[in-house]
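**Q** Chain A is already provided as a structure; the job is to place chain B on it using the hints.
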Amino acid sequence: MSRIGSAFREAEGPLFIGYTVAGDPDPAASVRIAGTLLDAGADILEMGVPFSDPVADGPVIQRAGIRALRAGTTPAGVFRMVREIREVTDKPIVLLTYYNPVYRRGLSWFYSEAAAAGVDGILVVDLPLEEANHARECAQENGLDQILLAAPTTGDARLARIVDAASGFLYLVSRTGVTGAREDLPEDLRGLIGRVKARGSVPVAVGFGISRPAHVRACAAAGADAVIVGSGIVGLVERHLADPPALQEAICAYIRQMKGAVRAR
Amino acid sequence: MTGSRGSPTGSKARYGRFGGRYVPETLMEALIRLDEAFTRAMADPAFQQDLSDHLTHYAGRPTPLTFCPNLSRSLGCRIYLKREDLLHGGAHKLNNTLGQALLARSMGKHRIIAETGAGQHGVATAIAGARLGIPVEVYMGETDIHRQALNVSRMRLLGAKVIPVASGTRTLKDAVNEALRDWVERVEDTYYLLGSVVGPHPYPLMVRTFQSVIGEEARRQVLEREGRLPDAILACVGGGSNAIGIFHRFLEDDVRLIGVEAGGEGLATGMHGASLCAGSPGVLHGALSYLLQDEDGQVSETHSIAAGLDYPGVGPELAHLRESGRMEAVSVTDRAAEEAFSLLARTEGIVPALESAHAIAHLVEIAGDLDRDSIVVVNLSGRGDKDVETTVSVPQGTGGSR
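Chains as they are written, first to last, in my numbering: chain A, 28 to 292; chain B, 3 to 404.
With the rest of the complex left out, here is chain A:
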C-alpha cells in the first residue's frame, strides 16, 4: 500500500493537500515552507516543478515559477529539496509538473530519481491519458502513483477510462480555467464529484479555485475525499517574501482555518 493509499484509507474526513512551488522563493526557503505546511496540518504535500511556460496556471503560480527558476531551481534541485523534506515527514509527497522537464531529462531518470528522493506520486499536467502510457509504466516500475486529471469538460466515456487508470487519487479540476483563487465554486460540484464516484472507487481530490474555508466546506459536503489548495498558499509566500517569520505565521493561521473547515463536516 502506497503512502497515498494509506493516507486516504486512514482518513476520517477529507484530506487537506497543500501546494507550493518547489524552489519558491529559493530552495532553502522552499524546504522551510513545505515543513511549515506539513507542521500546520497539511495531510499531503504537493510540490510544483517550475516550468517556463505554465499554460494551466494563473498569475500567482506563474510568478512563483519565475521566482523559483530565477533562484536556479532544476528537477535535480527539486529532488534534493524532497530528500530534505522526506527526512522530517512520513506524509505523502506528490510532484506536479509539466511534461517537458520530464521528457527532456527522460522519463526513466525522472521517475527513478523522484522515487529515490521520497516522492509518492507524480501528476503531469499536460499529459492526458492518451499520452500517458509510458509515464504510467515508469510510475509502476518505481512504485509511484501516476495521478491523473479529470475536468468538468471530460465526457463520461473518457472519465470512465481515466478513473480506471488513475492511481493514488484522481485530481478533479473543479472548473474550466487556470489555477487561481476564485470567489465561488461551481454550483454543480456535487454532480461532478458524483459522476466520478459512479465510475470507480479512486479517491477524489478537488482542486482549482479553492482558497476559502467556505470552499473547503462545500467540497467536503459534495463528497470530495480531499481538497487541494495552491494559489491561496503561494499568494501568502508572495505577500511575505521579505519576512519569513510572518510567512510562517500566516501559513499556520491559514491552514488552521482551512483544516477547521474540513473537520467541520
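In short, the hints are calculated from the structure, not lab data.
No residue lacks a Cβ here, since even glycine has one placed at the ideal position from N, Cα and C.
A portion of the hints provided could be inaccurate.
[Unchecked claim] DEER-style ranges, computed between Cβ atoms:
1) A:R97 with B:E228: 48 to 58 Å
2) B:P47 with A:D183: 47 to 57 Å
3) A:R266 with B:D55: 22 to 32 Å
4) B:H112 with A:R266: 18 to 28 Å
5) B:I165 with A:S135: 33 to 43 Å
[What the hints assert, rightly or not] Facing chain A, a subset of chain B residues (Cβ under 8 Å, in silico):
6) R23
7) E31
8) Q223
9) F252
10) Q295
**A** Just chain B now, kept in the frame of chain A:
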C-alpha cells in the same frame, strides 16, 4: 490504452515520432470535437464549396507565380515567387483563417481567439471574423505590439480586440500561452484559431490542409510555365505554416525542399529562433517537436528581427520532414534578411515581409551552386509594409532618383 473512436493517438496525430496532444485534461474533449468537426467538414461538399468561393472571390486566389527576371539574371538561376503577399490581408495567413473561421461557424462558436506574432495572423483572423460575423480577440506580446504597430491598427480597424501580453518574453510564445489559458477558461463557447502548424492535434493537420492550396497552385503554375517541376523550393520557417503549405504537394516529387529559419544574431550567439537547426526534441504548446530549450527542459528565449519567426518551437510535421531527410533546414541572420528585404524591393519592385526575406536571403547564399537553368520557387509568404519602420536603418538604394 486508447479510445476506440477517433483515437487521438492514431497515426494522423503523429508525424513520425512528433506531434500528439499534450494538453491539460480540460481541453481534451474540445480537441476531439474539433477533430471530428474538421473531418466532417473536409468530407462535406458544401463546406468545400463555401471555402473555395471565399478563397476565389474574397481572398483573391489563385495568387500569381511571378518570374523575377532581374534577380534571376543577377543570381544566375530561374527564380519564381509564389505571391502570397498578394493574398487579401497581405500574407498566406488568410488561407487558414477563412478555413478555420468557417469551421468555427459550423460548430456554432460565437467567439474566436487567436495569438499573433508579426500580426499577420491576427489581421487575417480579424478579417475572417469580420467577414463571417464572429467577434475576434487577439493575444499579442507587448514587444510585438511595438514592433508591428501597423498590424495592431489594422486589427483594431477590422473590429478585433487586441490583448497585450506582458508575461515571459512578450512575444509569440507568450501570446500562445495566454490564448491557451483563455481557451481553458472558455472552452465551451470559444474557438481557438491557431495560426500555424503547431499545437496539439488536429491543429498541425488542419492548418497544413488549409495552407496546402499554396503548393497545389504553385505546382500547377510552374508546370504550365516551365513544363517541368522546379529544382528547389524555399520557404521561411517560424511555426512553419507557409513552408508546409507550399512543400506538401511536392513531398513525393524529386524537388529540394529548403526551410529557412531565423538565425537572428547568428546561431553561435544563442540569439535566434532556429528550432530545427539548433534545437532538440521537446514538448511545447501541445505537441512534441523540435524546441529551443536548456538541458532541464526550460524553454529558451529567442530572437529574430522578424516577429513571425521569433518562436522557440516549430511544427511537428516539419520536425519529421527534417529528421527523415526530406527537407533541409538552414538559417540566415537578421542582417542577411534585411539585405534581402531591400534587394528584392530594388530589383523586382516587391517589398517582402522580413519573414519571407529570410527565404530570399538563403537563395542569395546558395545561388552560386545552382545552374543557370535551375528553377527555384520561393514562397513569398507576406508583404513587408509592416516592416518598413523596423528596417529604416538598412542602407537605402543608391539610385539617384529618390
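**Q** All hints are to be evaluated individually against the structure, with a verdict given for each.
**A** Outcome of the hint check:
1. A:R97 with B:E228: 48 to 58 Å: holds, 56 Å
2. B:P47 with A:D183: 47 to 57 Å: Since the Cβ atoms of P47 (chain B) and D183 (chain A) sit about 33 Å apart, the hinted range of 47 to 57 Å is violated.
3. A:R266 with B:D55: 22 to 32 Å: violated, 57 Å
4. B:H112 with A:R266: 18 to 28 Å: violated, 39 Å
5. B:I165 with A:S135: 33 to 43 Å: Given a distance of about 41 Å, which is inside 33 to 43 Å, the answer is holds.
6. R23: holds, 6 Å
7. E31: holds, 5 Å
8. Q223: violated, 40 Å
9. F252: Violated. Min distance 31 Å.
10. Q295: It holds, given that the least Cβ distance between Q295 (chain B) and chain A is near 6 Å, below 8 Å.
Checked against the numbered hints given earlier, the structure breaks hints 2, 3, 4, 8 and 9 and satisfies all the rest.
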